[in-house]
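Start from the sequences and build out the full structure, keeping to the hints where you can.
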Amino acid sequence: MADQPDGLADARAEVRVLDSELLVRGRVWDVRRDRFEFGGSELVRDYLDHPGAVAVLAIDADDRVLLIRQYRHAIGHRDWEIPAGLMDAPGEPGLSAAQRELAEEADLRAERWDLLLDLFLSPGGTSEAMRIFLARDLHRVDHDYVRADEEAELVPRWVSLDEVVAAALDGRVQNAVTASAVLAAWAARARGWETLRDPELPWTAREASRGERSS
1 MADQPDGLAD
11 ARAEVRVLDS
21 ELLVRGRVWD
31 VRRDRFEFGG
41 SELVRDYLDH
51 PGAVAVLAID
61 ADDRVLLIRQ
71 YRHAIGHRDW
81 EIPAGLMDAP
91 GEPGLSAAQR
101 ELAEEADLRA
111 ERWDLLLDLF
121 LSPGGTSEAM
131 RIFLARDLHR
141 VDHDYVRADE
151 EAELVPRWVS
161 LDEVVAAALD
171 GRVQNAVTAS
181 AVLAAWAARA
191 RGWETLRDPE
201 LPWTAREASR
211 GERSS
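So the sequence shown is numbered by my numbering: it starts at 1 and just counts up by one.
Be careful, since some hints might not be right.
So the derived label-pair ranges between C-beta atoms look like this [said to hold, decoys possible]:
| # | residue 1 | residue 2 | range |
| --- | --- | --- | --- |
| 1 | Ala11 | Asp198 | 16 to 24 Å |
| 2 | Asp107 | Ile75 | 24 to 32 Å |
| 3 | Gly192 | Leu18 | 48 to 56 Å |
| 4 | Phe36 | Pro156 | 40 to 48 Å |
No lab work stands behind these hints, which were simulated from the structure alone. Remember, predicted model here, so these are calculated numbers, not experimental data. Yeah, the Cβ is synthetic: ideal placement off N, Cα and C, and Gly gets one too.
In structure tokens:
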């Protein structure tokens with residue numbers, strides 16, 4: 001029997017956590033080890049305990065997407081990304097974080113905001129939840145934010161949405177968030193943007209993530 005369309009949805013699983021041990025306290029995220037009951041057995045899993053993150057796909061009136069090139073040490077690449085940042089300010093809503101990141105990384109503000117996509121980036125090994133917003137009706141903004149470290153050499157580029165989609169499908173743009181965002185936007189545009197959601201919808205996926213930082 002085929003799945004019903006409205007039945008295809010990730011569901012919160014309630015399992016009994018017997019013990020949660022902090023293995024490594026990191027600068028941005030921690031490594032935790034949980035012992036829990038599952039299927040009549042006790043299992044042990046290690047994972048990155050992540051505070052969550054937001055990203056912004058900014059599209060101008062000509063259907064061009066703002067990309068930024070940034071050095072990422074873990075992969076040894078300067079990859080092309082969309083503006084993004086951690087949810088590391090206590091109590092800050094996702095939309096406010098996205099607006100802050102767009103200003104800090106791109107010197108832009110947007111008059112129109114929509115929720116484009118929610119992701120678990122790597123559910124087998126990290127609690128990280130990512131919320132991607134679509135920003136339109138863009139304007140330049142002045143602020144006193146000073147970019148440091150890797151962000152000091154950010155390189156911005158405006159590229160047509162179709163070209164970025166082609167680059168992702170061709171393997172030239174491999175950043176998971178960027179690829180997911182542009183493919184979602186390409187599909188949403190084909191449907192007249194009717195799939196976009198309220199940018200202030202409750203972010204239950206992040207609230208339900210395991211780990212000390214998410215509580």
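### Query
Would you say the C-beta atoms of Phe36 and Pro156 sit inside 40 to 48 Å of each other?
holds (44 Å)
### Query
Between Gly192 and Leu18, is the Cβ distance one that fits in 48 to 56 Å?
holds (49 Å)
#### Entry: Outcome for the supplied range 24 to 32 Å, where the beta carbon pair is Asp107 and Ile75
Once the Cβ atoms are compared, 26 Å apart, the range 24 to 32 Å for Ile75 and Asp107 holds.
### Query
Range hint 16 to 24 Å: satisfied by the CB atoms of Ala11 and Asp198?
The hinted range 16 to 24 Å holds for Ala11 and Asp198, with Cβ atoms some 21 Å apart.
The structure fails none of the hints (numbered hints given earlier).
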